[in-house]
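Enquirer: Spelled out from the first residue to the last, the chains are:
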Amino acid sequence: MRKSFKEALASGKFLVTAQIVPPKGMDIGTLTPIVKDLNDVVDALGIADNPRAVMSMSPWGICRLVLENGGDAIMHVSCRDRNRIALQSDLLGAASLGIRNVLCISGDHIRFGDHIDAMPVHDLDSVQLLETVRSLTQGRDMAGQKLVGIPEFCVGAVANPEADPLPPQLLKFQKKMQVGIDFVQTHPVFNLDNLVPFVDQAREKGVKLIAGVRLLMAEEVSSYKDGSYPGLFIPEDLLAEIQGIKVEKSVEIAAQLIKAMREKKLCDGIHISAPGHEGKIMNIIKAAGI
Amino acid sequence: MIVGTRKPFSEIKDVVSGDSKILIVGCGTCVAVCLAGGETEVTILASQLRIALGLGGHDVHIDEAVVERQCDREFLVDLSKKKNVTDYDVIVSMACGAGVQLLSDVYDQNLVVPALNTVFIGVAEGPGIWTERCQSCDNCVLAETAGICPITMCAKGLLNGPCSGTRHGKCEVNAEIDCAWVKIYDRLAARGDLECISKVLPPRKNSRQAHPAVLTHEAYKRRFVKDEKIV
Ligand code: SF4
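In order, the protein sequence lines correspond to chains A and B. According to the numbering used here, numbering within the first sequence proceeds without interruption in unit steps and concludes at 294. According to the numbering used here, numbering within the second sequence proceeds without interruption in unit steps and concludes at 714.
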């Protein structure tokens with residue numbers, strides 16, 4: 005029996021999701037066993053859409069891999085690379101492949117990636133994309149035309165509780181909830197108090213908040229500091245703490261964050277990301293006692 | 484105003500190096516103000532080309548001219564009176580892209596090459612510094628966004644609030660640049676007008692920005708438009 009993220013959301017259980025970055029190329033040899041293992045323990049795997057604007061396989065490909073191996077997938081849909089026709093068309097294509105969950109995002113700017121002369125599209129922003137997904141699930145495209153066969157999607161948005169300043173970020177989050185979302189997934193959070201206004205507002209609207217947890221690697225400290233990872237804001241003292249540490253300690257730090265978030269009831273679930281080190285996600289889940 | 488920068492000298496020199504009669508035409512409006520294609524810049528480019536091509540052993544004759552607005556046919560009449568334009572092997576236009584194209588239309592027997600890259604529509608912040616402000620999208624939302632254009636000033640052109648990358652009020656793309664959405668929010672908050680951005684702004688109407696765009700003033704429609712067609 006295949007897992008259903010939608011059912012997990014409705015069940016009230018503490019949700020566990022993790023992020024998979026599709027490969028640059030066709031080789032899914034390393035990814036397949038990781039996906040199979042994680043499928044057993046997570047409620048869904050979030051499949052990134054060319055994160056940091058680095059060209060990689062379309063998320064559908066890996067979503068299919070997840071589904072074929074008994075898991076459920078959340079397809080990330082970025083506004084950066086497609087206009088409204090392509091976005092809607094791809095959403096219908098995804099639905100036809102059995103993909104039932106989407107996460108609507110603006111997309112990291114092209115300047116972070118490996119195709120810096122590409123055209124940033126942003127024909128829609130993430131709020132407008134959420135409206136578009138809603139419209140498709142109600143049987144109409146953006147132009148108001150009737151669809152023959154209506155897709156079903158469980159719809160998620162992102163927010164960043166570490167963004168500074170927070171009020172404009174909260175305003176956008178409110179707009180996303182106004183449009184109607186099933187869940188919100190946050191960027192990695194380190195100052196747990198920052199989650200409070202987001203989780204309070206989400207609960208008021210009956211939206212589940214899945215907090216981001218990221219595996220921090222000692223060898224990436226300089227990239228964390230120089231802003232190479234958009235939306236990843238790590239406090240100075242934590243950056244100092246992870247200097248030179250071994251991966252086991254990094255796993256421990258991520259696990260502690262999860263435990264603290266759970267204890268303080270600051271979220272309804274967690275989303276673990278460890279780009280390039282997906283094999284460690286299972287260790288984090290175990291160390292967090294989930 | 485339209486802001487431009489001069490192309491690298493080697494690029495201009497390479498394009499004209501086979502020609503012996505060159506006319507350099509500057510523009511007295513926007514690109515003169517942004518110190519890229521006015522009278523002084525025409526003189527400088529002409530001197531540079533005379534020296535470089537002369538040193539290369541080319542027998543070259545270079546003339547200079549400046550028209551008040553290269554993007555307006557009216558002003559090109561004056562150029563035709565002063566110069567026998569068809570005599571030249573190449574015309575180097577120091578106007579924005581619009582000026583270069585009008586020169587090419589009017590003197591379509593001549594080779595017209597650009598000496599500038601047109602960069603943006605913007606404002607002068609002070610002597611020698613200009614910033615982009617408008618993308619001429621035909622969809623102005625400045626009434627809602629505190630007079631700050633999110634399409635131009637936000638690196639992603641987002642209409643409904645910031646992305647997740649804002650840090651210390653700066654843009655994720657460039658830490659030197661303010662996040663447009665933080666500026667919009669702060670200006671409206673200070674005025675007690677946050678209501679302006681509380682509603683979801685709809686997607687842009689890109690159809691309005693059909694290229695190439697044509698605008699005919701109402702009062703001139705009888706003269707220029709017949710049966711819905713520009714004549
Ligand atoms: S940080 Fe602000 S200005 Fe920069 S892309 Fe994001 S929303 Fe736009």
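One thing to keep in mind: the hints can contain errors.
Stated by the list, open to error - No farther apart than 27 Å at their CA atoms in a straight line, the calculated lysine-lysine pairs in the DSS-like style are these:
(1) B:Lys666 with A:Lys229
(2) A:Lys263 with A:Lys10
(3) B:Lys688 with A:Lys150
(4) A:Lys7 with A:Lys229
(5) B:Lys688 with A:Lys229
(6) B:Lys666 with A:Lys150
(7) B:Lys653 with A:Lys209
These are calculated hints, taken from the structure and not from any lab test. Computed from a predicted structure; not experimentally measured.
Enquirer: Evaluate each hint against the coordinates.
Expert: So, going through the hints one by one against the coordinates:
| no. | hint | verdict |
| --- | --- | --- |
| 1 | B:Lys666 with A:Lys229 | holds (24 Å) |
| 2 | A:Lys263 with A:Lys10 | holds (24 Å) |
| 3 | B:Lys688 with A:Lys150 | holds (21 Å) |
| 4 | A:Lys7 with A:Lys229 | violated (38 Å) |
| 5 | B:Lys688 with A:Lys229 | violated (39 Å) |
| 6 | B:Lys666 with A:Lys150 | violated (40 Å) |
| 7 | B:Lys653 with A:Lys209 | violated (30 Å) |
The earlier numbered hints that this structure contradicts are 4, 5, 6 and 7.
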